[in-house]
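Protein sequences, first through last, are from chains R and V.
Under this note's numbering, the residue at position 65 of the first sequence is numbered 65, and the numbers go up by one with no gaps.
Under this note's numbering, the residue at position 91 of the second sequence is numbered 91, and the numbers go up by one with no gaps.
Any given hint could be a false lead.
A pair counts as met if it fits within one copy or between any two copies, since identical chains are not told apart.
[To be verified] Calculated cross-link-like contacts (lysine to any residue; reagent style SDA-like; alpha-carbon spacing at most 25 Å):
| id | residue 1 | residue 2 |
| --- | --- | --- |
| 1 | Lys16 | Ile58 |
| 2 | Lys90 | Ala5 |
| 3 | Lys35 | Asp13 |
| 4 | Lys80 | Glu12 |
| 5 | Lys84 | Tyr74 |
| 6 | Lys35 | Thr113 |
| 7 | Lys16 | His137 |
| 8 | Lys35 | Glu89 |
| 9 | Lys64 | Ala6 |
| 10 | Lys16 | Glu112 |
| 11 | Lys90 | Pro154 |
| 12 | Lys16 | Ser106 |
| 13 | Lys16 | Thr113 |
| 14 | Lys64 | Gly44 |
| 15 | Lys50 | Thr113 |
| 16 | Lys16 | Gln119 |
| 17 | Lys64 | Trp157 |
| 18 | Lys84 | Asn115 |
| 19 | Lys35 | Trp102 |
| 20 | Lys80 | Asp13 |
| 21 | Lys80 | Glu103 |
| 22 | Lys84 | Phe122 |
| 23 | Lys16 | Tyr130 |
| 24 | Lys35 | Asp96 |
| 25 | Lys35 | Phe156 |
| 26 | Lys84 | Gln19 |
| 27 | Lys90 | Phe122 |
| 28 | Lys80 | Leu105 |
| 29 | Lys50 | Pro154 |
These are calculated hints, taken from the structure and not from any lab test.
Quick caveat, the model's predicted, so the values are computed rather than measured.
Protein chains: 2
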Amino acid sequence: MKTLAAQVITPEDLLKHWQGHRALTRRVIELFPEKDFFEFSIGGMRPFAKLVDELLAIAAPALKGIVNRDIQPYTEASEKLILKAQYLEKWDEATDEINRYWEQLSIEDFNETFNLFGQYEFPIIHNILYFIDNEVHHRGQAYVYLRALNIEPPFFWER
Amino acid sequence: MKTLAAQVITPEDLLKHWQGHRALTRRVIELFPEKDFFEFSIGGMRPFAKLVDELLAIAAPALKGIVNRDIQPYTEASEKLILKAQYLEKWDEATDEINRYWEQLSIEDFNETFNLFGQYEFPIIHNILYFIDNEVHHRGQAYVYLRALNIEPPFFWER
């Protein structure tokens, strides 16, 4: 549908914002040395690969669930990825899926409630803001891992 | 002004979202041991107090600049805070200021361009999303500091 009224943010712009963050996270994945991506950790936290498992289990599957109003439990991919290159491939597949599902959202949808993963019953806009915030949060943690590994992370405002 | 058209997100809801994040960041500040708040660091990064200096220099001053369309350079407070309690006090003052300035924003304002700190010329909605994302990013880093200090951070979804 076409929006004629002024919007705080348009759906197109919110997608661009999300995908900008996802492009930055992709660069952070690329910057990790292969071994450290899977193994490096601080304070008993998950290595970045495990955090990315979570991000992949949320973004495209969650948006698909929202668009189809199909409540599925949260599950991380059963197929175990063992190379960074496989993660990057999955990341790019998710990028395309997100773009595709996003086209099916109308302005009105954002205010409807959806019970994400059968656990988080919130307006869809808040589910989506959660996906973005959760990614920024975990990527912030990955920045510390990179610094601890003596690797310069990308500028935060690069998207 | 009153909004009658459907919104992806309303100004009221975006403020609540931001202040929810700010409430979580406040809890993270509270959880740091006094000394570690000012001194603990990983990989040469800023201690959390320095990151909070940045967050305080952005949130309320930036929103004030936006509302008044008054371009001021970015500056961290000249007054040096030496206690966590002083940070929490400044944090709460900023919370009130943000609420006050926010009331002066109309839906149309979010799409207008503002040259934040004389450096970042973007639509106001993107300036505001940047404030939120930047806080989530740095707070994510503080979560790693807490884990490295063997302190359990709050749940990310607590707001």
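Tested hints:
1. In the homo-oligomer, the alpha carbons of Lys16 and Ile58 lie at most 25 Å apart both inside one protomer (18 Å) and across protomers (23 Å), since each shortest distance falls under that limit.
2. Taking identical chains as interchangeable, the C-alpha atoms of Lys90 and Ala5 are never at most 25 Å apart, the minima being 37 Å within one chain and 37 Å between chains.
3. With identical chains, the CA atoms of Lys35 and Asp13 are never at most 25 Å apart, being 36 Å at best within one copy and 42 Å at best between copies.
4. Taking CA atoms no more than 25 Å apart as the test, Lys80 paired with Glu12 passes in neither setting, with 33 Å inside one copy and 42 Å between copies.
5. In the homo-oligomer, the alpha carbons of Lys84 and Tyr74 lie at most 25 Å apart inside one protomer (23 Å), although the nearest pairing across protomers, at 38 Å, exceeds that limit.
6. For the homomeric pair Lys35 and Thr113, neither the shortest alpha-carbon distance inside one copy (41 Å) nor that between copies (44 Å) is at most 25 Å.
7. Within a single copy, Lys16 and His137 get their C-alpha atoms as close as 19 Å, and across copies as close as 19 Å, so both meet the 25 Å cut-off.
8. Taking the closest pair of Cα atoms, Lys35 and Glu89 come within 25 Å of each other only inside a single copy of the chain (18 Å); across copies the shortest separation is 44 Å, beyond that limit.
9. Taking the shortest alpha-carbon separations for Lys64 and Ala6, only the inter-copy value of 22 Å comes in at or below 25 Å, while the best intra-copy value is 27 Å.
10. For the homomeric pair Lys16 and Glu112, the shortest alpha-carbon distances inside one copy (21 Å) and between copies (18 Å) are both at most 25 Å.
11. In this assembly of identical chains, Lys90 and Pro154 lie within 25 Å of each other by CA distance solely inside one copy; the values are 21 Å within and 30 Å between copies.
12. Proximity of Lys16 to Ser106 under the C-alpha cut-off of 25 Å is found in both arrangements, the shortest distances being 16 Å within a copy and 23 Å between copies.
13. Proximity of Lys16 to Thr113 under the C-alpha cut-off of 25 Å is found in both arrangements, the shortest distances being 23 Å within a copy and 17 Å between copies.
14. Neither within a single protomer nor between protomers do Lys64 and Gly44 lie at most 25 Å apart by alpha-carbon distance, with minima of 32 Å and 41 Å respectively.
15. Taking identical chains as interchangeable, the C-alpha atoms of Lys50 and Thr113 are never at most 25 Å apart, the minima being 29 Å within one chain and 39 Å between chains.
16. Taking CA atoms no more than 25 Å apart as the test, Lys16 paired with Gln119 passes between copies only; the shortest distance there is 21 Å, against 27 Å inside one copy.
17. With identical chains, the CA atoms of Lys64 and Trp157 are at most 25 Å apart between copies only, with a shortest distance of 22 Å across copies and 28 Å within one.
18. With identical chains, the CA atoms of Lys84 and Asn115 are never at most 25 Å apart, being 32 Å at best within one copy and 39 Å at best between copies.
19. Proximity of Lys35 and Trp102 under a CA criterion of 25 Å is satisfied in neither setting, with 34 Å inside one chain copy and 46 Å between copies.
20. Proximity of Lys80 to Asp13 under the C-alpha cut-off of 25 Å is found in neither arrangement, the shortest distances being 34 Å within a copy and 39 Å between copies.
21. Neither within a single protomer nor between protomers do Lys80 and Glu103 lie at most 25 Å apart by alpha-carbon distance, with minima of 30 Å and 49 Å respectively.
22. Neither within a single protomer nor between protomers do Lys84 and Phe122 lie at most 25 Å apart by alpha-carbon distance, with minima of 33 Å and 34 Å respectively.
23. Taking the closest pair of Cα atoms, Lys16 and Tyr130 come within 25 Å of each other both inside a single copy (16 Å) and across two copies (14 Å).
24. Taking the shortest alpha-carbon separations for Lys35 and Asp96, neither the intra-copy value of 28 Å nor the inter-copy value of 46 Å comes in at or below 25 Å.
25. Taking identical chains as interchangeable, the C-alpha atoms of Lys35 and Phe156 lie at most 25 Å apart only when both belong to the same chain, with a minimum of 24 Å there against 28 Å between chains.
26. For the identical chains of this complex, Lys84 and Gln19 are intra-copy neighbours only, at 20 Å inside a copy versus 36 Å across copies, given an alpha-carbon limit of 25 Å.
27. In this homomeric assembly, Lys90 and Phe122 never come within 25 Å of each other (Cα to Cα): the closest approach is 27 Å inside a single copy and 32 Å across copies.
28. Neither within a single protomer nor between protomers do Lys80 and Leu105 lie at most 25 Å apart by alpha-carbon distance, with minima of 31 Å and 48 Å respectively.
29. In this assembly of identical chains, the alpha carbons of Lys50 and Pro154 lie at most 25 Å apart whether taken from the same copy (21 Å) or from different copies (20 Å).
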